[in-house]
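**Q** Below are the chains, spelled out letter by letter.
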Amino acid sequence: MTLLTPESLAQIDREIAKYPAEHKQSAVMAALRIAQTEKGWLSTETIEYVAEYLGMPAIAAYEVATFYNMYELSPCGRHKITVCTNLPCQLQGAGDIAEYLKKKLGIGFGETTPDGRFTLKEGECMGTCGSGPLCLHNNHKMYTRLTPQTVDQLLDGLK
Amino acid sequence: MSTKVCLWTLDHPNPASLETYVANGGYSALKKILAEKTPAEQIIEQVKISALRGRGGAGFPTGLKWSFMPRSFPGDKYVVCNTDEGEPGTFKDRDIVQFNPHQLIEGMVIAGYTLGARAGYNYIHGEIFELYQSWEQALDEARAAGYLGKNICGSGWDFDIHAHHGYGAYICGEETALLESIEGKKGQPRFKPPFPASFGLYGKPTTINNTETLASIPWIVKHGGQRFLELGKPNNGGTKIFSVSGHVNQPGNYEVPLGTPFAELLEMAGGVRDGHRLKAVIPGGSSAPVLPAEIMMDCTLDFDAIAKAGSMLGSGAVIVMDETVCMVQALERLAYFYFEESCGQCTPCREGTGWMYRVVHRIEHGQGRPEDLDLLMSVGGNISGRTICALGDAAVGPVHSFIKHFRKEFEYHIENKRCMVGD
Ligand SMILES: Cc1cc2nc3c(=O)[nH]c(=O)nc-3n(C[C@H](O)[C@H](O)[C@H](O)COP(=O)(O)O)c2cc1C
Ligand code: SF4
Ligand code: FES
Chain A
1178 MTLLTPESLA
1188 QIDREIAKYP
1198 AEHKQSAVMA
1208 ALRIAQTEKG
1218 WLSTETIEYV
1228 AEYLGMPAIA
1238 AYEVATFYNM
1248 YELSPCGRHK
1258 ITVCTNLPCQ
1268 LQGAGDIAEY
1278 LKKKLGIGFG
1288 ETTPDGRFTL
1298 KEGECMGTCG
1308 SGPLCLHNNH
1318 KMYTRLTPQT
1328 VDQLLDGLK
Chain B
4 MSTKVCLWTL
14 DHPNPASLET
24 YVANGGYSAL
34 KKILAEKTPA
44 EQIIEQVKIS
54 ALRGRGGAGF
64 PTGLKWSFMP
74 RSFPGDKYVV
84 CNTDEGEPGT
94 FKDRDIVQFN
104 PHQLIEGMVI
114 AGYTLGARAG
124 YNYIHGEIFE
134 LYQSWEQALD
144 EARAAGYLGK
154 NICGSGWDFD
164 IHAHHGYGAY
174 ICGEETALLE
184 SIEGKKGQPR
194 FKPPFPASFG
204 LYGKPTTINN
214 TETLASIPWI
224 VKHGGQRFLE
234 LGKPNNGGTK
244 IFSVSGHVNQ
254 PGNYEVPLGT
264 PFAELLEMAG
274 GVRDGHRLKA
284 VIPGGSSAPV
294 LPAEIMMDCT
304 LDFDAIAKAG
314 SMLGSGAVIV
324 MDETVCMVQA
334 LERLAYFYFE
344 ESCGQCTPCR
354 EGTGWMYRVV
364 HRIEHGQGRP
374 EDLDLLMSVG
384 GNISGRTICA
394 LGDAAVGPVH
404 SFIKHFRKEF
414 EYHIENKRCM
424 VGD
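Note that the protein sequences, when read in sequence, are chains A and B. Each position in the first sequence, counted from 1, maps to that position plus 1177 in my numbering. Each position in the second sequence, counted from 1, maps to that position plus 3 in my numbering.
Don't take every hint at face value.
[Stated by the list, open to error] List of simulated lysine-lysine pairs, DSSO-like, C-alpha gap at most 27 Å:
1) A:1318 - B:188
2) B:34 - B:7
3) B:195 - A:1201
4) A:1298 - B:188
5) A:1216 - B:189
6) B:40 - B:153
7) A:1257 - B:189
8) A:1216 - A:1318
9) B:188 - A:1195
10) B:188 - A:1257
11) A:1216 - B:188
12) A:1195 - B:34
13) B:51 - B:195
14) B:189 - A:1195
15) B:153 - A:1195
16) B:207 - A:1195
17) A:1279 - A:1216
18) A:1280 - A:1257
19) A:1318 - B:189
20) A:1298 - B:189
21) A:1201 - B:153
22) B:207 - A:1201
23) A:1336 - A:1318
[To be verified] Listing some non-contacts, in silico: residues in chain A with all C-beta distances to chain B over 10 Å:
24) 1217
25) 1220
26) 1276
27) 1280
28) 1281
29) 1292
30) 1326
31) 1329
Don't read these hints as lab results, they were simulated from the structure. If you're wondering where the values come from, they're calculated on a predicted model, not measured in any experiment. For glycine and all other residues, C-beta sits at the position ideal for the given N, C-alpha and C.
Could you put the whole structure together from the sequences, leaning on the hints where they help?
**A** What follows is the structure, encoded as structure tokens:
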């Protein structure tokens, strides 16, 4: 039995094919992303598995997983909401949106609701400032021009 | 309507489609150079004449950068596009990838042809993952249509482009950190020299350009360097996308000729938010020194004019602040950003960014000391010029300029343990 599904492995293989054959390690960022999408977070076991799959030292994959902020090294809620609080978004009301989210979920940044449904995180500039305030859902889907109403709708839709 | 080099597809239905691009002359520059076997020197000459300057922040002349590439070096060479847009305030490259991906593809392929590269990579900011996916679709379309991959346009020449994504590290926008990241490592900048043109991706000669820079190339090849130059002003060729954020009525991207007065851009963005007054502007992304309203209102938007006014055009990210902004609080958030994003390799940057953040934080929270402003100036001075990459200087720019132009507010905070603005 492999640790990742055949679908995930097929996705990783497509990433590997982008790089010269002797540089499979280049696919590690995508491979860790794919593994995290499947598992929800990256355990040491998962990281070691990815490293072995790419023929690189486990420590090198671990360094990558710890360097980049969007990898999760401990279990997190089913729905991770990352709010950008950098200055341009803040000028456009991100502070209020962040407060609204904290109050509504009853948690602070870096915390997970007791039912394991939501994790709230503070993010840096996501290169989309013109449409702030904004947030990312599970790293990959962005919600822009947030208001308390659209935050309510978003959270209601995430079970 | 004024000319737009990069975001013109937005005036069409289905801006991102291959049909829209081709129906409006897209890929014709590539076809022409392949059919005519245009010599690389000739293309580089046109890029030099165009006075295209790097759109990623440093404003380095693109033609000159391209001329550093050892084109006849026999082994592999690479073209890398920098779409790691993470400089707070900047959101233009995402719009090029979203709304005009084929022009970026054409620009990268022309760069590949000119620089003798075997492949190209586009490094896309992790947080805009949806665009990583749409970009891969655009690459597939271009391959299917014969503009990319094997035997491009029947020329017998092969060149492919791949997407690589970041995953939450601002420092990977720095070109050598970006290369490390493509190699599957931590994104820590390399010592320069050697420069990427001699030792780049996998140790091979590599040219790295910003998304907007590469997307401007097809226009230059098609219309000639002279016409591009004439769109802007001497030494500042072309149009430029300005990302306007903060306290304006219509935040967004506005593509205008370099040399456009700031007052005009502000008007395009709907002016300062209703009922408020302009206080300050960061004209080129968070790393650029802040300028007070009076200075900014007299400025034109080009590399030389903004430098003369004491700041940088940078990435063209214009962050607008009205009179309600507490400059201490604004600086605190920026100082936190640089502290958080320092890669930690150099002691002055790793320690200095943390120190500056803690001092600004205590001023903001009513615990500032009279000597803190001098302390900030001196910590900053000890970072500048003593680090591997420019993030160190980028972190100092805001601190020094906020204090220089808004010293009174900082002093008020320290003395009265509260803010001069608002409450
Ligand atoms: C900390 C730091 C972050 C940077 N971020 C970016 C970025 O997000 N996008 C970009 O194009 N250039 C960025 N740069 C500049 C690049 O190092 C490089 O100069 C640029 O990509 C070259 O392209 P150009 O000549 O076309 O501007 C950054 C530089 C530093 C020091
Ligand atoms: S200046 Fe800062 S970010 Fe740049 S290499 Fe040194 S520690 Fe890293
Ligand atoms: S500051 Fe929030 S996306 Fe740029």
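**Q** Each hint needs a verdict: does it hold in this structure or not?
**A** Hints and how they fare:
1. At roughly 25 Å between alpha-carbon atoms, residue 1318 of chain A and residue 188 of chain B fall within 27 Å of each other, so this suggested pair holds.
2. About 22 Å separates the Cα atoms of residue 34 of chain B and residue 7 of chain B, which keeps this hinted pair within 27 Å; it holds.
3. With a C-alpha separation of about 26 Å, the suggested pairing of residue 195 of chain B with residue 1201 of chain A holds against the 27 Å cut-off.
4. With a C-alpha separation of about 25 Å, the suggested pairing of residue 1298 of chain A with residue 188 of chain B holds against the 27 Å cut-off.
5. Distance hint between residue 1216 of chain A and residue 189 of chain B is fulfilled; the C-alpha atoms sit about 22 Å from each other, no more than 27 Å.
6. Only pairs whose Cα atoms come within 27 Å are accepted, and residue 40 of chain B paired with residue 153 of chain B is accepted, the gap being roughly 17 Å.
7. Distance hint between residue 1257 of chain A and residue 189 of chain B is fulfilled; the C-alpha atoms sit about 24 Å from each other, no more than 27 Å.
8. The hinted pair formed by residue 1216 of chain A and residue 1318 of chain A meets the criterion: a straight-line CA distance of about 17 Å does not exceed 27 Å.
9. The hinted pair formed by residue 188 of chain B and residue 1195 of chain A meets the criterion: a straight-line CA distance of about 16 Å does not exceed 27 Å.
10. A distance of roughly 25 Å separates the Cα atoms of residue 188 of chain B and residue 1257 of chain A; the hinted pair therefore holds under the 27 Å criterion.
11. Between residue 1216 of chain A and residue 188 of chain B the alpha-carbon distance is near 22 Å, which keeps this suggested pair within the 27 Å criterion.
12. This hinted pair checks out: residue 1195 of chain A and residue 34 of chain B have alpha carbons roughly 25 Å apart, not beyond 27 Å.
13. Simply put, residue 51 of chain B and residue 195 of chain B have alpha-carbon atoms about 24 Å apart, close enough for the 27 Å limit, and the pair holds.
14. Restraint check for residue 189 of chain B and residue 1195 of chain A: satisfied, since their Cα atoms lie roughly 19 Å apart, inside the 27 Å limit.
15. Distance restraint check for residue 153 of chain B and residue 1195 of chain A: the Cα-Cα separation of roughly 14 Å lies within the 27 Å cut-off, and the hinted pair is therefore satisfied.
16. Restraint check: the Cα-Cα separation between residue 207 of chain B and residue 1195 of chain A comes to about 17 Å, which is no more than 27 Å; the hinted pair holds.
17. Pair hint residue 1279 of chain A plus residue 1216 of chain A holds up; C-alpha atoms about 26 Å apart against a cutoff of 27 Å.
18. Annotation: proposed proximity of residue 1280 of chain A to residue 1257 of chain A holds, straight-line Cα distance about 16 Å (limit 27 Å).
19. Restraint check for residue 1318 of chain A and residue 189 of chain B: the C-alpha separation of about 24 Å stays at or below 27 Å, so the hint holds.
20. As the CA atoms of residue 1298 of chain A and residue 189 of chain B are separated by approximately 22 Å, the hinted pair is consistent with the 27 Å bound.
21. A C-alpha spacing of about 22 Å is found between residue 1201 of chain A and residue 153 of chain B, which places the hinted pair at or below 27 Å, so the restraint holds.
22. Straight-line distance between C-alpha atoms of residue 207 of chain B and residue 1201 of chain A comes to about 17 Å, which keeps the hinted pair within the 27 Å bound.
23. With a CA separation close to 16 Å, the supplied pair residue 1336 of chain A and residue 1318 of chain A stays within the 27 Å bound.
24. For residue 1217 of chain A, the non-interface assignment is confirmed: its Cβ lies about 16 Å from the closest Cβ of chain B, beyond the 10 Å cut-off.
25. The claim that residue 1220 of chain A is not at the interface with chain B holds, since no C-beta of that chain comes within 10 Å of its own (minimum 17 Å).
26. Residue-level check passed: residue 1276 of chain A sits 15 Å from the nearest beta carbon of chain B, beyond 10 Å.
27. Annotated as non-interface, residue 1280 of chain A keeps its C-beta farther than 10 Å from every C-beta of chain B; the closest such distance is 21 Å.
28. In this structure residue 1281 of chain A is separated from chain B by more than 10 Å, as the shortest Cβ-Cβ distance comes to about 23 Å.
29. Taking the minimum C-beta to C-beta distance to chain B, about 26 Å, the non-interface status of residue 1292 of chain A holds against the 10 Å cut.
30. At the 10 Å boundary, the C-beta of residue 1326 of chain A stays outside the reach of chain B, the nearest C-beta of that chain being 20 Å off.
31. Non-interface call for residue 1329 of chain A relative to chain B: holds, since the shortest CB-CB distance, roughly 23 Å, exceeds 10 Å.
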